[in-house]
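Student: Taking the hints into account, I'd like the entire structure generated from these sequences.
Spelled out, the chains give:
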Amino acid sequence: MRAIYRRVASALLVAVALCALLAPRIAPYPYDTQFRDSPAAPPGRQFLMGTDDIGRDRLSRLIYATRISVILAPAAALVSIALALLISSVGGRAIGGLITICLSLPWIFLFIILRAELPLNTGPAESILLTFGLMGVAGWAWPARVFAASIAQMKQSGWLLQARAAGISGWRIGLVQAWPHLRSVAWAQFCMLAPNYILLEASLGLLGLGVSDPVPSWGNLLQDLQRPDVVKANPWVLAPLGLLMLVMISLEALQPSRELAL
Amino acid sequence: MKIMWNRHFRLFIGVVFISTLCAAGSKELRFAIAGDPRTFDPLHVEESNSETIRYLTAGVLVRVNRLTDQIQPELAERWELLDGGRAITFHLRAGLRFSDGSALTAGDVARTLNRALDPKEGSATGDTFRSGQVNPEVRVVSPREITIRYKEPKAGLDRLFDSLAIAPPAPAKLPASAGAFFVSEYHSGEYLRLARNTYYWKRDAAGKQLPYLDTIRLDIQQNHDIELTRFLRGELQVVNRLDAESFDRVARENPPAARSLGASLDPEFLWFNQAPAKNMPEWKRKWFISPVFRRAVSGAIHRDDIARIVYRGHAHVAAGPISPANRFWFNAALQPLMAEPPGAALKSLATEGFTLRDGVLRDRDGHAVEFSLITNTGNRARERTAALIQDDLRHIGIRVNVVTLDFGSLIERITKTLDYDAGLLGFNNIELDPLEQMNVWLSSGQEHAWWPAEKSPATPWEARIDELLMKQSSESSREVRKKANDEVQRIAVEQAPIIFLVYPDYLCAIAPAVRGAQPAVAPPQVLWNIEWLRLE
Chain A
0 MRAIYRRVAS ALLVAVALCA LLAPRIAPYP YDTQFRDSPA APPGRQFLMG TDDIGRDRLS
60 RLIYATRISV ILAPAAALVS IALALLISSV GGRAIGGLIT ICLSLPWIFL FIILRAELPL
120 NTGPAESILL TFGLMGVAGW AWPARVFAAS IAQMKQSGWL LQARAAGISG WRIGLVQAWP
180 HLRSVAWAQF CMLAPNYILL EASLGLLGLG VSDPVPSWGN LLQDLQRPDV VKANPWVLAP
240 LGLLMLVMIS LEALQPSREL AL
Chain B
0 MKIMWNRHFR LFIGVVFIST LCAAGSKELR FAIAGDPRTF DPLHVEESNS ETIRYLTAGV
60 LVRVNRLTDQ IQPELAERWE LLDGGRAITF HLRAGLRFSD GSALTAGDVA RTLNRALDPK
120 EGSATGDTFR SGQVNPEVRV VSPREITIRY KEPKAGLDRL FDSLAIAPPA PAKLPASAGA
180 FFVSEYHSGE YLRLARNTYY WKRDAAGKQL PYLDTIRLDI QQNHDIELTR FLRGELQVVN
240 RLDAESFDRV ARENPPAARS LGASLDPEFL WFNQAPAKNM PEWKRKWFIS PVFRRAVSGA
300 IHRDDIARIV YRGHAHVAAG PISPANRFWF NAALQPLMAE PPGAALKSLA TEGFTLRDGV
360 LRDRDGHAVE FSLITNTGNR ARERTAALIQ DDLRHIGIRV NVVTLDFGSL IERITKTLDY
420 DAGLLGFNNI ELDPLEQMNV WLSSGQEHAW WPAEKSPATP WEARIDELLM KQSSESSREV
480 RKKANDEVQR IAVEQAPIIF LVYPDYLCAI APAVRGAQPA VAPPQVLWNI EWLRLE
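Same order as they appear, the protein sequences are chains A and B.
Taking numbering that gives the first Met the number 0, the leading residue of the first sequence gets 0, the next gets one more, and so forth.
Taking numbering that gives the first Met the number 0, the leading residue of the second sequence gets 0, the next gets one more, and so forth.
In short, the hints are calculated from the structure, not lab data.
Careful, some of the hints might be misleading.
Claimed, not checked - Pairwise CB distance ranges, derived in the manner of DEER restraints:
#, chain 1, residue 1, chain 2, residue 2, range
1, A, L17, B, E446, 49 to 55 angstroms
2, B, A33, A, Q155, 45 to 51 angstroms
3, A, P234, B, K201, 50 to 56 angstroms
4, B, N253, A, F34, 29 to 35 angstroms
5, A, L109, B, V479, 41 to 47 angstroms
6, B, D357, A, W186, 57 to 63 angstroms
7, A, Q155, B, H186, 46 to 52 angstroms
8, A, P27, B, P254, 50 to 56 angstroms
9, A, L109, B, V133, 45 to 51 angstroms
10, A, A151, B, H223, 26 to 32 angstroms
Keep in mind it's a predicted model, so treat the numbers as computed, not measured.
Just so you know, even glycine gets a beta-carbon here, dropped at the ideal spot from N, CA and C.
Tutor: Right, dumping it as structure tokens:
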């Protein structure tokens with residue numbers, strides 16, 4: 000049963016990834032074309048998922064948004080995890096204080112200050128990379144706390160003492176011995192961070208910091224959900240949320256066993 | 000024990016019955032304001048919540064009728080403009096009293112005005128009464144007569160007194176008032192209650208003392224969606240301002256409550272930064288100071304689409320800096336600014352050396368024409384307007400980067416650092432008289448959007464606007480002032496330093512139980528004749 004579940008999840012993720020990669024070929028219209036005679040149109044033959052408030056095809060925007068969110072949110076999560084692994088393995092116990100400080104920083108305000116200082120003529124591509132890049136760099140402390148705890152636990156294990164006694168170098172121990180133990184923790188953190196980053200991008204969009212219009216992302220498409228009356232009248236605006244949930248459930252299904260062999 | 004229980008039960012039923020009767024009989028109007036008022040001192044009002052309280056409680060000498068724009072007597076039963084608009088004499092009604100019962104005389108008017116004019120007070124109300132930096136002479140002739148005299152004629156002198164709330168001598172946390180209501184309760188963050196002033200002088204035709212309402216409860220409610228939901232549930236009776244989406248919802252769910260008055264006084268506009276700024280290259284500034292460039296941008300924007308799509312048809316295409324709703328001051332010769340075909344804009348841009356190559360507009364030196372457009376984050380209508388402008392300008396090869404900023408950062412950029420290319424915002428006009436807009440159009444004005452506080456006018460047309468505005472500000476004839484203001488509007492449209500887009504309609508919701516409401520486009524809109532409102 001578990002195997003079937005994983006196969007379905009893999010197929011779904013492959014389909015979403017293909018959708019993202021082939022967006023210009025499969026989207027019915029460019030994501031920024033405004034059909035000004037059909038603003039806020041309901042689903043129909045011309046627009047399968049209707050149009051948004053200024054007449055842009057919702058389906059096309061969802062397909063293009065998938066390309067950005069499915070690639071960049073996980074990429075930012077990978078950056079966070081890589082940084083967290085590096086800092087927690089190099090820093091040891093000493094980084095506990097640093098992690099606490101980073102976790103207590105009001106990142107949202109720092110983002111606002113940073114955005115206010117950035118050049119205004121930043122193009123959409125730079126704006127997207129900047130948003131996800133900043134999230135990746137700023138988000139290291141959450142997984143670092145878990146990694147630091149796992150590494151501390153690992154340091155007391157017999158196999159590590161044996162490896163050290165055998166004179167194996169630190170890097171080799173890290174890559175060959177420790178990484179298999181940390182991999183499932185890293186995967187769990189990845190599965191937690193990636194959707195969080197998609198939602199964080201949506202929140203940043205509200206502050207004018209996320210992916211800027213007219214480029215679509217799951218984050219800025221989810222902003223419609225803040226308007227209960229719009230959701231009630233046009234339930235199809237929930238499609239990005241549905242897709243996000245499907246992707247997250249699929250990622251969860253692909254997660255390796257959580258039992259750590261420490 | 001049984002007898003005691005019966006007695007208590009009867010007492011309880013009695014209390015419930017009496018309080019039900021009281022509740023049914025009480026006439027309390029309920030609506031919401033967006034936040035706590037910062038002050039109850041009418042001379043120090045600087046934001047809209049305090050302004051609403053000030054208006055509802057203020058006893059003023061005269062009132063500008065928000066529907067007719069005529070001045071009508073209030074505490075003053077009559078007045079005379081003297082020496083060609085240099086002086087004004089007010090004659091107060093007999094037997095005037097504040098809400099605490101103390102007598103109101105010309106001495107109170109003089110004390111209030113002198114306090115407003117005192118530089119130590121730093122009162123914004125006082126600023127409007129100064130002529131240049133000079134205070135007028137205030138002389139009490141008798142307990143019911145007062146004269147205010149200036150050295151030069153002052154435009155709209157009588158209308159100024161619409162904003163001067165006459166204050167009682169004794170300061171208090173919740174001060175007495177000479178208006179229809181006074182503040183009787185204040186629970187920070189929750190609500191305020193205004194009670195009817197039993198000493199208020201005004202009576203209706205049948206001789207019944209006004210106001211009709213016993214109390215007004217103003218709930219402090221920041222979230223407009225919740226405010227609207229509460230209105231639709233019947234918990235509030237007025238929503239003084241609605242956006243297009245909310246208005247459509249009210250029109251669907253409670254059609255008689257939805258009121259649209261047509262174009263409001265408040266324009267939406269965009270402008271280019273023409274001030275020398277350290278982060279703006281000189282070649283880019285050259286585009287922005289070119290009237291041909293500005294007119295081409297203006298001509299490429301489909302304002303009718305903005306009105307139809309962004310405001311769901313609840314907006315009017317702008318013709319200039321004054322709304323057509325402002326019937327007297329609007330220059331009727333100006334036509335709504337409709338879009339031109341892209342070819343026409345490109346043809347005029349070619350005269351300045353701009354060429355369209357591979358879908359990109361380039362200037363004489365080959366620079367691709369691209370600029371950022373900043374607006375405030377969280378304002379859905381402006382974000383959508385920016386998206387439409389972005390698309391319109393793409394058709395003439397201009398790339399626009401829309402950037403939304405929090406309001407603080409935005410104001411910092413447009414008033415202090417001047418580090419921006421173009422902005423998209425709206426004006427909130429409180430008065431019909433264009434004197435209020437002088438700070439925008441005078442080259443030395445702090446709100447001179449495209450180049451704040453210029454040392455001297457940078458162009459001959461700005462010098463001409465300065466000259467016309469200064470002349471009309473010391474002119475007492477409305478007709479002469481109207482002529483000067485018509486020319487200012489014509490120049491503003493011709494030179495397009497500010498590109499006016501649309502005037503969103505004034506939309507509000509009034510429960511059918513509220514009678515006597517005559518909403519006007521000028522603030523405070525539904526509430527302007529508060530003493531005449533009643534509940535059925």
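Student: All hints, please: hold or fail.
Tutor: Do the hints match the structure? See the list:
{"no.": "1", "hint": "L17(A) / E446(B): 49 to 55 angstroms", "result": "54 angstroms, holds"}
{"no.": "2", "hint": "A33(B) / Q155(A): 45 to 51 angstroms", "result": "58 angstroms, violated"}
{"no.": "3", "hint": "P234(A) / K201(B): 50 to 56 angstroms", "result": "53 angstroms, holds"}
{"no.": "4", "hint": "N253(B) / F34(A): 29 to 35 angstroms", "result": "32 angstroms, holds"}
{"no.": "5", "hint": "L109(A) / V479(B): 41 to 47 angstroms", "result": "56 angstroms, violated"}
{"no.": "6", "hint": "D357(B) / W186(A): 57 to 63 angstroms", "result": "47 angstroms, violated"}
{"no.": "7", "hint": "Q155(A) / H186(B): 46 to 52 angstroms", "result": "59 angstroms, violated"}
{"no.": "8", "hint": "P27(A) / P254(B): 50 to 56 angstroms", "result": "37 angstroms, violated"}
{"no.": "9", "hint": "L109(A) / V133(B): 45 to 51 angstroms", "result": "49 angstroms, holds"}
{"no.": "10", "hint": "A151(A) / H223(B): 26 to 32 angstroms", "result": "51 angstroms, violated"}
Violated hints, in rising order: 2, 5, 6, 7, 8 and 10; the structure is consistent with all others.
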